[in-house]
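As they're listed, the protein sequences go chains A and B. For the first sequence, our numbering begins at 1 and goes up steadily by one. For the second sequence, our numbering begins at 1 and goes up steadily by one.
Simulated from the structure, these hints should not be mistaken for lab results. These numbers were taken from a predicted model, which means no experiment stands behind them. No false leads were mixed into what you were given.
The calculated lysine-lysine pairs, modelled on PhoX-like cross-linking and capped at a C-alpha distance of 25 Å, are:
1. A:Lys26 <-> A:Lys201
2. A:Lys32 <-> B:Lys68
3. A:Lys71 <-> A:Lys201
4. B:Lys68 <-> B:Lys56
5. A:Lys119 <-> B:Lys212
6. A:Lys26 <-> B:Lys42
7. A:Lys62 <-> A:Lys107
8. A:Lys107 <-> A:Lys161
9. B:Lys163 <-> A:Lys119
10. A:Lys62 <-> A:Lys32
11. A:Lys131 <-> A:Lys161
12. A:Lys201 <-> A:Lys75
13. A:Lys201 <-> B:Lys68
14. A:Lys201 <-> A:Lys32
15. B:Lys42 <-> A:Lys201
16. A:Lys131 <-> A:Lys201
17. A:Lys133 <-> B:Lys3
18. B:Lys140 <-> B:Lys181
19. A:Lys131 <-> B:Lys3
20. B:Lys56 <-> B:Lys22
21. A:Lys107 <-> A:Lys131
22. A:Lys71 <-> A:Lys32
23. B:Lys42 <-> A:Lys131
24. A:Lys119 <-> B:Lys3
25. B:Lys68 <-> A:Lys26
Examples of chain A residues toward chain B, derived with CB under 10 Å:
26. Ser19
27. Lys26
28. Val51
29. Lys119
Glycine included, C-beta positions come from ideal geometry on N, C-alpha and C.
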Amino acid sequence: MKYNSPVIVVDSGMGNLASVANMIRKIGGEAKISSSPDEIRQAHKLILPGVGSFDAGINALKERSLDTAVKAAVKENGCMLLGICLGMQLLFETSEEGNQSGLGLIKGHVRYFQLNDEKLRVPHMGWNIVKPKRSSNLFDLEDEHRFYFVHSYHVNCMNAKDVSATTHHGYDFVSAAQSGNVMGVQFHPEKSHRFGMALFKRFYDLLPC
Amino acid sequence: MLKSRVIPCLLLQDEGLVKTVKFANQKYVGDPINAIRIFNDKEVDELIVLDISASKDGRDPNYGLIEKFSSECFMPLCYGGGIRSVQQARQLFALGVEKVCLQTAALEDPSIITHIADSFGSQSVVISVDIKKNLLGNYKLYRSLDGKNIEQPWLQFLQNMVKAGAGEVIVNSVDLDGTMKGMDLALIREAASAITVPLIAVGGIGSLPDMKAAINAGASAVSAGSFFVFQGPHRAVLITYPDYRELENILGKK
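With the rest of the complex left out, here is chain A (with noise of 0.2 Å):
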């Protein structure tokens, strides 16, 4: 069984939204960008886009009550939660890059890449491979994973098996954790050509719990 409710993109006035439901449009998928927190509170689906720096992005949340929409969402309707980029940091528990607290419902910190070798540039952007952990929600082991990145933070997971796929850039960092129903992705899928399809089409497949 395929459960189709549309997916609800979190619009926190932050983020490239339109590239987000286009891509869920393309794979046949209906996409519906919203601020309202009730539909978000609500939701069997959502995704938390998100550019920019990590305290302004807590704070655009907050402004318009979207956090606990969306925690609400998470814990007590069993929603399906992606985050992308920031979106994905924002579901930590604090960052290097700022002072405010993120949703907390991963546990971990987000940090500044540490590097050693000169040549590699932060931000970390492009075209990168992604190696899931295992088969998960969002990956088939079996695929080929890459995707773009574009960012100078990223997750530390406190617990190891919320890991669901590394990157390397001058180490290995969590290109994607999951925490139950809450999933995040350091890359943009929605600009990741079929490899973000197939990723997008898993997400929308998958079954609120």
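Let chain A serve as the given structure and place chain B on it in line with the hints.
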């Protein structure tokens, strides 16, 4: 490992695509939406679209057309041409553009870079710098708006733009534009060692080894126009893009 990006750069003029040689002699290349659709199918790393007449005509970006582009682009899209305000940048991001590219407005007032970076992050602002050799063979900052060299030292300008908040720098060699004769590696080396953010090198690519040479000289990414739209000695229009494995084989090795 991060793959070095290979980025087609498309020039827009009056809703059509053109390609220049040394910033002149525009040749019509075709319909932009058709071209973008083909590049999307070929799974290009990223795409740059520059409207070369917007600033000259003093007009806004063609939002309607750009929206059509972004709905065909399932990879990052960078747009440049006619951007003078944060509000315009906001509108472009809302349409699905990933990065905005500035030159004319930033030459007049670098604070535009800071304002956009503050609102949308450095990763969304690209500064495009055109460099032309003067009669003595020295690199000079070139203003595409009126085709004049500027006295300000180009490396200093580059560093100022990065300080102001630009997350990426495009360096284009005017003298090699459209020639497909290979890139100015000395220029790329100087630029790459002066900045910490990614450098996109443009101008002169005629082959895959040209790309590799630019990457080895310090560029994080390479971009080209003619190489991707022309075929053969008579420059017949044919849109191509190398296969991923081919690029990986050539660019992956030092």
